[in-house]
Amino acid sequence: MDQETGRAVPRGHARTKSNTSVGSNNPTRPRHTRSKSSKKLDSIYSDEATIAFIKRTLCAQQLTGPEGSRARNTSKPLSELLPPLTTSNQVDLQLYALISIIIKDFVQAWYSKITPDHEFTDQVVHIIAHCTRAVEQRIRAVDLEALVFDELPELIDTHVTAYRTAYTKSYTSLLVADPREIYHAINPHPALSPVPFEPGSLASLDQAENEAAWRQLLIQGVLSHLLPPEDLNNPPLRVLVTEIFAELIIGRGVCGNICEGWFICDVVSKLLAIVRPSEPEVQQEPPISPNRLEKFGLLADDSDDVEEPPAVTTRSPVDTLSGMFWQVMQYAFLAFISIRAFFIALSDAATLPQRTNSSGDATHAELDDSGSLWQRSTHDSTKRPILGMSLWTCCSHLLSLDLQMPWLTTMGSYIQWLLICSSWKVGHTNSRLDR
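Mapping of the sequence shown onto full-length UniProt numbering: position 249 corresponds to residue 249, and the numbering continues sequentially without gaps.
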């Protein structure tokens with residue numbers, strides 16, 4: 001008998017309803033199940049799917065043939081089918097995936113309509129592989145210390161100084177130029193001229209053309225040092241590789257997406273999601289059905305009870321002194337460990353090798369007046385000490401120490417001069433402090 005309507009309910013229907021309600025409120029039933037779409041995405045973005053896509057796009061000619069040879073070639077690793085791009089297999093996999101997308105969308109889309117031959121695509125892949133290996137060899141010969149601590153901070157310092165100069169208002173003149181014009185007048189660049197003021201104007205179109213021409217000249221100059229002579233004298237391959245690097249990779253990839261704000265925010269959010277530890281899944285408890293007395297308001301509400309304020313605990317002077325004592329001991333122990341680590345590193349610096357590289361020790365052959373060759377060494381002649389690099393000046397300008405605390409900047413410059421240029425030469429090139 002239904003108590004609300006007064007009608008009789010069959011036993012079978014009542015049992016079915018109760019079983020359903022119990023099953024839906026069962027706390028042991030898993031609440032968080034992985035969806036099929038997430039599993040499908042994982043299978044799409046897996047390494048096996050990437051390798052299969054690369055083989056279908058770049059190795060189609062090598063996989064053709066009889067059924068037996070096709071099955072045998074399909075199981076071959078990617079390193080046996082394609083030339084290596086770098087010394088890392090994981091980097092090669094990602095680079096070949098990017099190259100496969102570019103070749104499929106921008107080369108095979110029109111080349112497959114002309115001929116089914118893949119010789120042209122194979123030549124493009126070999127040229128790109130030759131360029132990446134040459135770039136890797138040149139990167140290994142770069143002086144990373146001078147690049148990170150001297151050249152890049154100097155560029156940042158120049159940009160910040162020009163930006164602040166351009167946006168500093170002149171109170172002596174009534175006619176003030178646009179800050180963008182001032183900045184480009186301080187740091188002129190052919191790819192960024194003329195300065196556009198409105199999107200879609202003639203100046204913006206001219207700047208886009210100048211930027212495209214600059215990219216073409218830049219890539220052609222780079223390829224002249226990386227490509228072999230026989231490939232450099234092949235106009236179709238040179239033009240195609242130049243278009244791929246200049247327009248697709250630098251134009252659309254770097255300038256079109258990577259430099260945008262939404263892309264940087266997306267990358268930062270994904271990195272934070274990877275670094276942040278995964279939260280444990282909490283099972284939702286089944287809702288508790290209200291009691292009949294609570295349903296009709298016959299029970300008193302717990303919120304009506306007046307809560308007593310928490311008791312205020314007062315610390316004794318002995319506890320306060322004990323906490324201060326242990327805090328001072330912690331700071332003293334931290335200072336002792338830091339000073340000890342500094343002196344240990346300073347004493348062990350004598351056993352470290354000198355701060356030289358292949359480019360710093362290179363010898364240049366030159367002709368003298370008699371016509372014979374002589375070698376001129378550049379060992380440590382251009383090596384700057386780390387304390388004398390542009391990193392410290394850049395940090396001072398970024399923090400505006402020369403304007404807010406000029407005494408601190410002067411003191412730092414004097415200490416820097418004492419460590420480098422005085423008779424002590426503690427921070428000179430290849431000294432203990434420099435190593």
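For the record, the hints were derived by calculation from the structure and aren't laboratory data.
Just so you know, not all the hints are guaranteed correct.
Straight-line distance between alpha carbons at most 27 Å, and here's what the computed BS3-like set of lysine-lysine pairs gives [unchecked claim]:
#1 K55 with K104
#2 K383 with K425
#3 K76 with K104
#4 K76 with K55
#5 K113 with K55
Note that the structure is predicted; figures quoted are calculated from it, not measured.
Do the hints match the structure? See the list:
Straight-line distance between C-alpha atoms of K55 and K104 comes to about 12 Å, which keeps the hinted pair within the 27 Å bound. For the suggested pair K383 and K425, the alpha carbons sit about 15 Å apart, so the restraint of at most 27 Å is met. Using a Cα cut-off of 27 Å, the hinted pair K76 and K104 holds, with the two alpha carbons roughly 22 Å apart. Between the alpha carbons of K76 and K55 the distance comes to roughly 10 Å, so the proposed pair stays at or under 27 Å and holds.
The suggested pairing of K113 with K55 holds, with an alpha-carbon distance near 20 Å, which does not exceed 27 Å.
Of the numbered hints stated above, none is contradicted by the structure.
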